[in-house]
Amino acid sequence: MSKTFANDKTFAEKALARASGNSSVVAGQIVDARPDVILSHDNTAAIWKIFRALGVARVKNPERLAITLDHAVPAPTTAHAQNHADVREFVDAMGITNFFEVGRGICHQVLSEEALILPGQTILGADSHTPHYGWLGAFGAGIGRSEVAALWATGELWLRVPESIKITVNGKLDDWVTSKDLCLKIIGDLGADGGLYYSVEFHGNAISQMSLESRMVIPNMMAEFGAKNAYLMPDDAVFDYLARRRTTDDGRRPTTESEIENQKSKIENDALFPDPDATYAAQYTFDASTLEPMIACPHTVDNVKPLSQVRGTKIQQAFLGTCTNGRLEDLAVAAEIVRGRKVAKGTRLLVIPASSQVLHDALRHGYIETLADAGAVIGVPGCGPCMGNHMGIPAPNEVTISTANRNFRGRMGTRDAEIYLASPAVVAASALAGVIADPRDLGKNY
Amino acid sequence: MILTGNVWKYGDDVNTDVIFPGKYTYTVTDPAEQAKHALEDLDPTFARNVQRGDMIVGGKNWGNGSSREQAVGALKHAGITAIIAKSIARIYFRNSVNNGLLPIVCPDAVDAIENGETITLDLDAHQIYARAGVFDFPPLSPSLVHIIQAGGLIPMLRKKFGAENLPMPEVKSGD
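Residue numbers (numbering that gives the first Met the number 0), protein chains in the order written: chain E, 0 to 445; chain A, 0 to 174.
Misleading hints may appear alongside valid ones.
According to the in silico footprint, chain E covers these stretches of chain A (three or more CB under 8 Å from chain E) [what the hints assert, rightly or not]:
(1) 21-35
(2) 58-65
(3) 76-90
(4) 93-106
(5) 151-160
The calculated PhoX-like cross-link candidates involving lysine-lysine, where the alpha carbons are at most 20 Å apart (straight line), are [to be verified]:
(6) 85/A x 8/A
(7) 35/A x 8/A
(8) 159/A x 48/E
(9) 59/E x 48/E
(10) 158/A x 48/E
(11) 158/A x 59/E
(12) 59/E x 159/A
(13) 13/E x 265/E
Hints in this document: simulated from the structure, not taken from any laboratory. Idealized CB from N, CA, C, for every residue including glycine.
Next up, chain E with everything else stripped away, as it sits in the complex (with noise of 0.2 Å):
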């Protein structure tokens, strides 16, 4: 006797499914999907000239598509700034509205805040931290460039059906462990291969217990573990968060709680939960209480150690931003570790919000006020030196300790650079000391 309803699904197999108009799909299969979202940034320029050349004159379904400038702003060159203008020119003639300038923030931030993109949703995006959006229960995977031309004449691409993993985590992660170091554990242990491909699902109650901004981190980090998509279930608070952001149909946010009710109830309605019994190539187990903070050692991700075996390390720099830690509680965390202090001398503290909201919530707070106080130079909303851009590229032999998450070789500039990954927490204590530092020995509350 068949099953009149299978299941057995996995997250990726029922987001594809929904994107590709299937009934069902499994695993290994191709599908032709339609992202509700396509995603590209400075890279924009670039695509619009693979774009021309296949004699399609409209991008079709321009209202899915998402702008924003964020990987060199404000332009460092004239050759920068001419790459902005000719982005502008695209968004003027195909009318796209969904266009985000200079220093609004990091596309990855900007998309989330503006509730772009729903539980459920598919976007792909010309950005290899694209499966980011797997925080809120959408399904997310970096492309290249000629695809999202291919996307803009077409709607739509092949997309393989991923296999997929499941980590599960469980307990509460202790004073000064964040989902940064459960992250950096998961990659040190797994390897950078470690999710090469796989659809990465994360089940247990520790992820549930993490406020919103920390599980982003989540998703944003697996794209250095290889994964192709991961996936974080969408609860209340997410549904909540979403709601009151996501513009409604007339064209703005809503204002009354019945409005917000009734936006939520929506966005519930169409998340998606893999199955009890779906099919895993691997299933992993962390504890959450037994973690401590973990940093990644040049030049790889997965080259990952306990902090108590690199304290110590002699720093030039300290970086607070990117999109994986430029948030207003990363931002507040290191204002309560430098209220008072100064950073060490021969230290640079550079601190970066992720986007204009978190500039303008962490002013209100006083967390510009505290950082700037203790020596930190307050940067522009973007990328800003992530990836060797501008505005705090290190010189040769000297060595950083960043909160982003890439720190290949040659990452932000030279080759001849060394870079950690760390907290936002280590990242702040170490400006403070000079040298790679654990605040916990500052004697402070978390």
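Position chain A relative to chain E; hints supplied.
Frame of chain E; chain A shown alone:
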């Protein structure tokens, strides 16, 4: 499709930043210039000495990191025809197909092939002929072979949209 060429052999986890540094992504857009920077942070001798038709043999997780298509384009413009690796990062794999660069996963061949040797790759027979022997690799799916044989995703779509005769003056593959 049969390809013969000399091998440049590298290790595990060669990422997109050492294949094509991020600092160049918005400034170095000319294909010939991109080729000059290929692999510069891993092997500064590569760009000077690479010959048209050469192939790269890499370890696991080749091309991990950024989605930047220049990391494929720079190698293709430098003359590389195929990447043979133990595993290939997923966006890099897609970008390779879409730019007509063969991504081949064949761990046994990677272990056996030595730097500098001449190998032959037969796509139809899905075999690699090397000094140490003949190695089978899993065939690519027909839809992917179709894209590669069309020269990549964009040439394929140009055909589909009847735009083959449109000039491509501004298009730089991998830009």
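Hints and how they fare:
1. Coverage of the stretch 21-35 of chain A by chain E holds in this model, with 6 residues showing a Cβ closer than 8 Å to a Cβ of that chain against a need of three.
2. Judged by the Cβ-Cβ criterion of 8 Å, the stretch 58-65 of chain A is covered by chain E as claimed, because 5 of its residues qualify and three suffice.
3. With a cut-off of 8 Å between beta carbons, the stretch 76-90 of chain A has 4 residues touching chain E; three or more are needed, and the interface restraint holds.
4. Interface restraint, the stretch 93-106 of chain A with chain E: holds (4 residues with C-beta to C-beta distance below 8 Å; minimum three).
5. Counting residues of the stretch 151-160 of chain A whose C-beta sits closer than 8 Å to any C-beta of chain E gives 6, which meets the bar of three, so the coverage hint holds.
6. With a C-alpha separation of about 12 Å, the suggested pair residue 85/A and residue 8/A falls inside the 20 Å cut-off, and the hint holds.
7. Proximity of residue 35/A to residue 8/A is assessed by CA-CA distance (about 18 Å); at most 20 Å being required, the pair is judged to hold.
8. Pair hint residue 159/A plus residue 48/E holds up; C-alpha atoms about 18 Å apart against a cutoff of 20 Å.
9. Distance restraint check for residue 59/E and residue 48/E: the Cα-Cα separation of roughly 16 Å lies within the 20 Å cut-off, and the hinted pair is therefore satisfied.
10. Among the hinted pairs, residue 158/A with residue 48/E is consistent with the structure: their alpha-carbon atoms are about 17 Å apart, no more than 20 Å.
11. Restraint check for residue 158/A and residue 59/E: the C-alpha separation of about 18 Å stays at or below 20 Å, so the hint holds.
12. Distance restraint check for residue 59/E and residue 159/A: the Cα-Cα separation of roughly 16 Å lies within the 20 Å cut-off, and the hinted pair is therefore satisfied.
13. For a cut-off of 20 Å, the pair hint linking residue 13/E to residue 265/E stands: about 18 Å separates their Cα positions.
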